[in-house]
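Residue numbers (the working numbering), protein chains in the order written: chain W, 4 to 650; chain G, 4 to 650.
A couple of the hints might just be wrong.
Since copy identity is lost for identical chains, a pair holds within one copy or between any two.
Pairs of lysine-lysine residues, derived as DSBU-like cross-links and limited to a Cα-Cα distance of at most 35 angstroms, are as follows [unchecked claim]:
#, residue 1, residue 2
1, K545, K192
2, K353, K21
3, K431, K353
4, K649, K545
5, K192, K431
6, K192, K225
7, K192, K353
8, K192, K285
9, K285, K21
10, K574, K649
11, K545, K225
12, K285, K353
Derived by calculation from the structure, the hints in this document are not laboratory data.
Protein chains: 2
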Amino acid sequence: MGDLIGTAVGGTLYYVAKSEFDRVLALPVPDVQRVGIFATLARINTLYMIARAGSGHIGSSFSSLDMMAWIELRGRRRDADGQSNDLFFSSKGHDAPGLYNVLIATGALDFDNIHMLRRLGGLPGHPDVNVPGMAFNTGSLGMGVSKAKGFLAANRLLQRDGRVFVLTGDGELQEGQFWESLISAANGKMDNLVVIIDHNKLQSDTLVAQVSDLGDLEAKLKAFGWHVARCDGNDLAAFSATLDDCMAVTGQPKIIIADTVKGKGVSFMEHTSIDSDVELYKFHSGAPSAEAYVAGAQELIDLANRQLAGAGADALLLEIEERPQAAAPPPGQQRLVPAYSNALLAQAAKHANLVALDADLVLDTGLIPFRDAYPDRFIECGIAEQDMVSQAGGMARGGLLPIVHSFACFLSARPNEQIYNNATEGTKIIYVASLAGVLPAGPGHSHQAVRDISSLAGVPGLTMVEPSCEAEVGALLDWAIDENDASTYIRLVSTPCDIPYALPQDYTPRPGIGVILADGEDVVVIAYGPTMLPVAIDAAHKLSNNGIQARVVNLPWLNIVDRDWLAGVVKGASAVVSIDNHYVVGGQGDRIADALATITDAPPLVRLGLRDVPPSGQNAEVLDALGLDAATIASTISAALAAARKA
Amino acid sequence: MGDLIGTAVGGTLYYVAKSEFDRVLALPVPDVQRVGIFATLARINTLYMIARAGSGHIGSSFSSLDMMAWIELRGRRRDADGQSNDLFFSSKGHDAPGLYNVLIATGALDFDNIHMLRRLGGLPGHPDVNVPGMAFNTGSLGMGVSKAKGFLAANRLLQRDGRVFVLTGDGELQEGQFWESLISAANGKMDNLVVIIDHNKLQSDTLVAQVSDLGDLEAKLKAFGWHVARCDGNDLAAFSATLDDCMAVTGQPKIIIADTVKGKGVSFMEHTSIDSDVELYKFHSGAPSAEAYVAGAQELIDLANRQLAGAGADALLLEIEERPQAAAPPPGQQRLVPAYSNALLAQAAKHANLVALDADLVLDTGLIPFRDAYPDRFIECGIAEQDMVSQAGGMARGGLLPIVHSFACFLSARPNEQIYNNATEGTKIIYVASLAGVLPAGPGHSHQAVRDISSLAGVPGLTMVEPSCEAEVGALLDWAIDENDASTYIRLVSTPCDIPYALPQDYTPRPGIGVILADGEDVVVIAYGPTMLPVAIDAAHKLSNNGIQARVVNLPWLNIVDRDWLAGVVKGASAVVSIDNHYVVGGQGDRIADALATITDAPPLVRLGLRDVPPSGQNAEVLDALGLDAATIASTISAALAAARKA
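Based on the provided sequences and hints, a complete structural model is requested.
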């Protein structure tokens with residue numbers, strides 16, 4: 004869920020080489036002791052990996068690392084060649100850095116990957132099957148048990164033997180699919196299925212108990228017909244014994260509630276160290292500060308050395324990597340989410356019936372100022388998007404103006420039918436979808452919202468908009484609240500952006516009508532939002548150097564285009580280029596094409612955008628890989644123009 | 004869920020006038036006795052309504068009718084003017100005929116509506132807020148508790164007093180959203196929320212316990228922190244006492260497990276009368292046969308008279324309506340779902356790894372022959388589409404070829420994110436979505452799948468197709484299995500259709516390429532599927548009478564169009580017309596527009612399809628209302644052609 008993007012840590016970073024893991028694995032000590040040391044070393048590398056990448060999930064990697072190491076090293080039965088029919092995967096998925104480092108340490112993943120978290124061609128922010136050892140693509144929550152059941156059905160039909168171990172979060176249990184998936188596993192007596200809940204008590208923002216309390220979790224799970232066990236998931240002796248006990252149970256799927264500590268291993272990252280007056284746990288996502296990295300790494304190194312000494316082994320040999328200091332972000336970057344926070348506060352002051360709903364992303368979606376100012380009008384729904392959206396439907400029928408928040412990837416898809424159902428009731432609801440578009444590319448495709456326009460554009464009465472800069476955020480929110488009678492989907496880019504344009508002083512949103520940001524007569528480039536419009540402007544500069552004058556248009560309306568306006572704006576140009584921060588199919592360009600197809604003698608349309616599942620990586624390298632960098636766009640436009648003029 | 008369309012019953016039908024209900028409501032007998040008689044009269048009218056409409060859900064209307072009558076008459080607190088701040092609605096929604104008749108009998112709905120079930124301007128097949136007394140649009144399962152919570156939040160903020168009563172099904176509890184929605188109600192101590200489970204033990208096809216057993220339902224609900232009570236829901240003394248007890252409980256939301264009999268009131272419609280060797284309950288949806296109607300009505304009339312005599316009242320006065328015999332369907336109609344059943348069997352024989360997944364629609368989706376032939380390869384998932392789709396993902400990763408079945412309205416939306424997640428894994432899965440398109444229009448918008456192309460077209464690697472006739476069903480399934488390396492969505496119309504065309508003998512599906520069904524040079528009409536293609540052919544005949552020659556093209560590819568083929572097929576025409584059995588936004592026409600926008604001197608495009616939420620009604624009247632009948636299409640095309648030629 005929450006996926007803040009931080010800054011890579013510069014200076015001296017430390018990691019542990021494969022040979023040191025091999026040394027630990029050969030230590031003549033009990034399994035529990037050996038795996039415990041292994042896990043500490045994997046934590047050092049996980050911290051390195053995340054610090055170097057500038058983002059990643061420390062907290063849940065650390066809470067689950069002991070268990071992940073145990074399952075990989077001891078839980079999965081292996082043949083003489085080390086092959087296993089037993090499957091292990093994480094349903095929550097954001098503990099991927101921890102799992103990657105377990106696999107790197109065992110050699111299942113190439114060691115060089117340690118330097119490649121969230122880099123193109125490296126390890127994506129969330130699991131992907133193209134990475135060795137990853138059974139499934141996870142990161143969107145609640146799908147794990149279902150996938151495991153499917154795999155076990157395949158085992159049964161193909162007469163393969165094999166267990167499946169699924170790690171889940173605890174916040175994840177708020178997703179309805181989790182409970183939906185429990186039923187048939189119990190009815191099917193799937194005793195090859197073992198679910199381990201990494202019960203670290205915290206979800207993205209804060210305590211599970213505060214967000215959406217799970218109540219008597221053991222009673223719930225037992226009532227669903229599962230064998231339930233509970234233990235300390237950071238105590239390998241307890242965990243391994245519990246796992247062994249569970250494996251002996253037949254005729255039931257098993258679930259272990261593993262009580263863990265989020266951030267386990269570094270004192271000040273452990274959630275139990277949070278003062279009671281601190282609201283937000285700081286190490287869910289993002290990167291540690293340089294100071295936190297140094298202190299955390301030192302704690303882990305000291306712990307490893309104590310553990311090694313306890314095993315009668317030599318002290319840890321560390322690899323050292325000198326990293327450049329990250330460049331400071333350029334001054335003047337715009338951030339749409341804080342702009343939204345302010346715009347929402349202004350509207351809330353005017354509309355007493357305005358309420359805001361959140362699905363455990365209060366920090367990422369900019370809702371903290373609203374929550375603090377209007378606690379009565381803030382509804383925390385937990386990681387339960389379907390419930391949240393249908394609740395909004397009930398509120399709207401009851402006379403409120405609900406504003407629903409989540410990441411675009413989840414909000415457009417998980418409650419897709421619920422949004423349609425609300426629309427058929429003709430009520431007015433505003434959906435605010437942040438983390439929209441292909442950037443940040445670090446988290447990977449589960450979090451890259453490049454299909455949301457498509458999946459909701461067909462909802463009657465739902466107008467979809469995307470602001471291009473801070474100033475447009477408030478303008479469009481005001482339009483949605485004060486002008487639009489029906490529902491609106493506001494698509495918000497979360498990455499900080501350099502904005503090389505400004506809206507006119509007297510700018511007022513007019514449905515279906517765009518704003519010319521740069522003028523030119525040869526080609527019309529239509530785009531939206533602060534990710535692609537700056538690239539389009541840059542491409543226009545490059546084209547201008549080659550004698551091609553481009554008109555760059557900001558069209559913030561994602562699923563409506565005013566035909567007459569469009570006819571005017573493209574008149575005389577030799578080509579029209581649509582750039583979608585989205586898949587081409589179903590993007591804004593579809594609406595432009597639809598309008599152009601009715602305009603006599605319209606210039607030909609060139610579509611730019613995504614054609615396939617985007618990779619994870621750094622922002623610039625991913626735009627390059629997708630051909631959405633300014634240079635490639637400029638040359639694509641040049642070629643299209645040449646072809647159009649020849650035709 | 005299941006929504007079979009039957010045949011209206013002809014001959015003598017009986018219903019009870021408002022005055023008779025008024026007489027019953029004035030009887031000086033105890034409440035329980037009075038409401039019991041009222042419910043029997045309402046059952047007579049419900050049976051009339053469904054027999055006359057030719058479709059509707061008898062079973063669950065009858066199981067819940069006693070409770071619905073009690074809540075409307077006694078449960079909702081009313082002021083002196085009969086107004087109530089207490090809300091009652093059905094989350095399952097397919098018991099709408101029962102609820103309509105309660106409201107018709109109390110005068111909350113105009114009496115004439117009794118003749119207007121599933122008719123344009125009358126009462127839709129599932130609840131819609133435009134009908135007086137309907138709090139919410141329901142019919143897609145699992146949303147009710149969430150909506151109720153939202154309404155209660157509005158009550159709280161707007162300082163209104165009021166309880167909310169929500170009726171759910173029991174099969175409905177398989178939906179994850181139900182469990183998702185329980186959590187915050189308990190945490191919020193919402194003691195103004197009362198959920199009643201119409202626990203009639205049967206879902207669409209057969210016993211809940213066979214489809215996806217709910218296990219210890221009381222334990223589950225208690226573990227979720229709700230106050231749980233249980234009673235006989237067809238025994239008004241027991242139900243009313245239980246409801247009163249529940250209202251006295253504070254600090255918890257309440258849920259009543261009401262044990263009921265599906266089809267209650269007519270001996271042979273009661274599920275308890277099914278012989279143990281009968282697999283399918285016959286009165287879930289559709290219409291009764293004429294014989295069943297007569298026998299059922301007589302039983303209910305006899306019961307009413309016994310009840311009236313017991314209350315010392317005169318016998319029932321009945322209204323008589325003579326109905327014409329429904330015309331026999333024209334010979335030679337094609338049915339795509341049985342054709343699919345056969346095509347699937349043929350493929351199953353060839354592919355041992357082919358498995359079929361069902362979400363409680365085994366009858367509607369044509370899976371019974373497969374299930375009987377390959378019980379090991381049939382996976383019944385219950386009403387749990389998210390779980391089903393993610394299970395399919397697990398199966399595909401495990402080496403199976405999963406074919407996933409549901410209605411298009413649910414399959415495209417409820418597991419929308421899960422389908423995308425599967426796609427990102429690059430596995431091959433086939434989704435078969437029946438009840439596709441605007442027809443049958445009787446069930447209403449919750450079941451009219453006119454947004455599915457849009458909501459899935461952007462999924463990379465998912466090819467969407469719709470067969471135009473029985474012969475094309477097998478051809479496209481074979482293509483999906485034997486030719487396509489990636490995933491396919493097969494959109495199946497469920498209504499029987501008159502097909503005035505045949506595919507060429509040597510027909511082979513070629514991605515993005517259509518088939519000319521009727522030729523002409525003036526205008527090119529592109530459509531798909533057996534709903535709109537016959538209308539297009541009919542429109543072409545009408546145009547031909549006016550000297551306009553239309554080329555009618557079947558393009559079964561919903562989200563891909565071969566540009567070069569399109570350029571050829573439209574060359575020389577004065578206009579291109581795209582007809583979508585779907586919303587215009589996001590329909591096949593978007594892909595046609597996209598391709599046309601790259602073709603120099605392409606004729607202008609005219610888009611036909613839906614622009615707003617479709618009404619419920621009879622098929623022909625709804626097509627007329629939408630302007631999608633042959634005459635309107637012909638005149639639209641004539642006008643477009645005249646405009647294009649003038650331009």
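Worksheet item: Checking against the hints above, which ones are violated?
Response: Structure breaks hints 1, 2, 11.
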